[in-house]
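Colleague: Chains as they are written, first to last, in my numbering: chain A, 148 to 633; chain B, 44 to 138.
Read the hints as simulated data drawn from the structure, not as lab findings. Just so it is clear, the structure is predicted and the values come from calculations on it, not from any experiment. Ideal placement from N, C-alpha and C gives every residue a C-beta, glycine not left out. Be aware that a few hints might be false.
Distance ranges between label pairs, derived from CB positions [unchecked claim]:
(1) GLU138/B <-> GLN176/A: 58 to 68 angstroms
(2) ASP48/B <-> LYS404/A: 50 to 60 angstroms
(3) SER68/B <-> GLY183/A: 34 to 44 angstroms
(4) ARG425/A <-> GLU112/B: 50 to 60 angstroms
(5) THR102/B <-> LYS422/A: 43 to 53 angstroms
(6) ALA107/B <-> LEU534/A: 51 to 61 angstroms
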Amino acid sequence: MHDKTVTQLAAALKSGEFSSRELTSHFLQRIEQADGNLNSFITVTAEQALKQAEAADQLRAAGNAGTLTGIPLALKDIFCTQGVKTSCGSKMLDNFIAPYNATVVEKLSAAGTISLGKTNMDEFAMGSSNENSYFGAVKNPWDLSAVPGGSSGGSAAAVAAGLVPAAMGTDTGGSIRQPAAFCGITGLKPTYGRVSRYGIIAYASSLDQAGPMARSAEDCAHLLNVIAGHDVRDSTSVARGVPDYTETLNAPLSGLKIGLPKEYFGDGLDPEVEKAVRDAVKVYESLGATVREVSLPHTHYAIPAYYVIAPAEASSNLSRYDGVRFGHRCDAPADLIDLYTRSRAEGFGEEVKRRILIGTHTLSEGFFDAYYTKAQKVRRLIRQDFLDAFEDVDVLMGPASPTPAFDLGAKKDPVSMYLQDIYTIAVNLAGIPGISVPAGFAAGRPVGLQILGTHFAEAQLLNVAHQFQQATDWHLKLPAFAEENA
Amino acid sequence: MALEDSHVRRAAHLARIAVSDDQASSFVDDLSRILDMVDQLQSIDTEGVIPLSHPLDATQRLRADEVTETNQRDNFQRCAPAVEEGLYLVPRVVE
Chain A
148 MHDKTVTQLA AALKSGEFSS RELTSHFLQR IEQADGNLNS FITVTAEQAL KQAEAADQLR
208 AAGNAGTLTG IPLALKDIFC TQGVKTSCGS KMLDNFIAPY NATVVEKLSA AGTISLGKTN
268 MDEFAMGSSN ENSYFGAVKN PWDLSAVPGG SSGGSAAAVA AGLVPAAMGT DTGGSIRQPA
328 AFCGITGLKP TYGRVSRYGI IAYASSLDQA GPMARSAEDC AHLLNVIAGH DVRDSTSVAR
388 GVPDYTETLN APLSGLKIGL PKEYFGDGLD PEVEKAVRDA VKVYESLGAT VREVSLPHTH
448 YAIPAYYVIA PAEASSNLSR YDGVRFGHRC DAPADLIDLY TRSRAEGFGE EVKRRILIGT
508 HTLSEGFFDA YYTKAQKVRR LIRQDFLDAF EDVDVLMGPA SPTPAFDLGA KKDPVSMYLQ
568 DIYTIAVNLA GIPGISVPAG FAAGRPVGLQ ILGTHFAEAQ LLNVAHQFQQ ATDWHLKLPA
628 FAEENA
Chain B
44 MALEDSHVRR AAHLARIAVS DDQASSFVDD LSRILDMVDQ LQSIDTEGVI PLSHPLDATQ
104 RLRADEVTET NQRDNFQRCA PAVEEGLYLV PRVVE
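Based on the sequences and whatever the hints tell you, model everything.
Modeller: Here it is in C-alpha cells:
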C-alpha cells in the first residue's frame, strides 16, 4: 500500500479492496518500525487516527464518502491541531496543546482524511535542512547521511519513505519545494492567499503559504481542491473561485511556451542537476512545448531582500512568545523583564534568535529606510521580473535547488545555508505559485524540476507537472529505505 | 553599514532576549555576515519604485464591526503557564 499514490489508494478504498482502518494501521505500523531512523514525526496520533479511520469507513458504508475519505495524511507541526501538541519544532512550544484547528486542518478533516500526526520541521520554519529542529535533525530516506531539506523536512522524508501517502507543508522561501526536491517527491507552493493561513503558526506573514506534498501532481491536485479557498479568518486569503484542479490535468501541452531563466543556470549549479533539468525540458519539447531563454534580472537580489523582509516580519510575529499566555516560561523569574528575556532566551534556538535580532535591528530607528523600505522596493522589481517574463511564456522551468541534498552538518555558516534557496526564494517575494517534481538523480540523490506560473496558475502548473509524470517515472521511484526498514 | 556590539545589544533588549557577553560577540559575527550579504541591495537603483508590502498589491479587507467570536477564555487559558481566576499571573510589577 505504501508505494501507491493517494489517487490509487482512494480508488482502492472506493472499490473496497481494503478499509481505511486497514490502510491507516498499515501506515501507523510503518511509522512505528521505521521512524526511529528518520525522525520525521514529532507526534504520532495513532489512537485518534484509528478512530477517524473507523468513522471514515462508516461514512463510506453509508454511501457518504468523498474522493479523499479515509486517506491518511500527516501535517507539518506548524498547523494548529486542537487537543494535540503543536510545537513548530521549538522548545518554546514543546508544551503547547493547540486550543483550535487551523482552517487547513478543518478542511482536511471535513473531507474525511485521517491525520497520522505532526511532522518534524526547522524551528518556526526557519531553515533549509531541518537541522534547526529542537526535536533533532530528520534524515533523508534516500541517504541517511543527507539532510531531507527544510523547513518541511519531516513531511518530505515521511512521504518519500512511504510512512504516509501525502503530507501538508508550508513554504515561506522554498520550504515545500526544496525538501520535495531533496526527497524525490512532488510539492506545490500555491499563490500567496490561495490557501488560508489561519491557524498556521506565523513566520513571515506576507510570504507564508501552505501546500501539499505527495507522490504525484495528481495527488497534489486532489489535496489542493480540499485546502484552497477564501477564509474570512485570514484577511489575506483571496476571495476567488476554486476550480477543480483535477479536471485540467490531461490538457495537451502542444504549444506550451516554456521559459528558462538564464540566471537559474549560472554559477553554482551542480552539473548533474543541470543535466537532469535540461533532460526534463527535452521531455517537454517531445510533448509539443517550445522553449526559449528568458531573463529575471533581479534574481541575485532575492536572497538579500528576503533576509530583510522575512526576519522583520518574524521579529514582529514572534513577539507573542512572552512566557505569559502560552509556551515556555523560565523558572523563578525575578521580575517581568526577567520573565520575558529569560523565557525567550531559553525557548528559542540559535537560528530563530539570529532572525529575530536581524529583524529587530533592520526595523529599528536609523536603519528602517536603508533596509526595510529598500528591500520592499527591490521586492517590487523582483515581482516585475516574473510578470514581464509571463508576458512572453506560459511557465518558467529550472532547478528547485542548485545541488542535490547535502550531508548532515555540511553547512555550518548561516549565509551558506541561505544561499541554497537561490531558486525558490524570489517566488515567495513575488507571490506566484511553484511546484517541484522529481526529475532524476545527481550523485544518487533526487533532483527536483521547479515549474513556476503566474499568480493563480495552479491548474496549469499541475497540468504541466502531471503530463511530465505521464511521460516519465521519476516520481514512482522509491528509496531502498522504504522497502528495507518497514 | 558595519554592525557593532551596541547594535546587537540594543536589538536583544528591544526583542526581549537575554544574551550573554559570549553570545553577543558570536551574534555580532553572524549578523555581520548576514548584513554584508544584505548590503548588496544598496547597489540597485530604486529611485521612484513604490515599496511592495503585499505580493498581490491587495489592500486590507474590512468587515462589518460585529461580534463574531464567542468568549473562550477558559479554553485559551488552558495552555497558559500560570492563571488564577481567569487572570494571567506574572511577577509583581507594582510595589
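Colleague: Next, verify each hint and record whether it holds.
Modeller: Now for the hints, and whether the structure bears them out:
no.: 1; hint: GLU138/B <-> GLN176/A: 58 to 68 angstroms; verdict: 60 angstroms, holds
no.: 2; hint: ASP48/B <-> LYS404/A: 50 to 60 angstroms; verdict: 53 angstroms, holds
no.: 3; hint: SER68/B <-> GLY183/A: 34 to 44 angstroms; verdict: 39 angstroms, holds
no.: 4; hint: ARG425/A <-> GLU112/B: 50 to 60 angstroms; verdict: 53 angstroms, holds
no.: 5; hint: THR102/B <-> LYS422/A: 43 to 53 angstroms; verdict: 46 angstroms, holds
no.: 6; hint: ALA107/B <-> LEU534/A: 51 to 61 angstroms; verdict: 34 angstroms, violated
Going down the numbered hints, you'll see the structure goes against just number 6.
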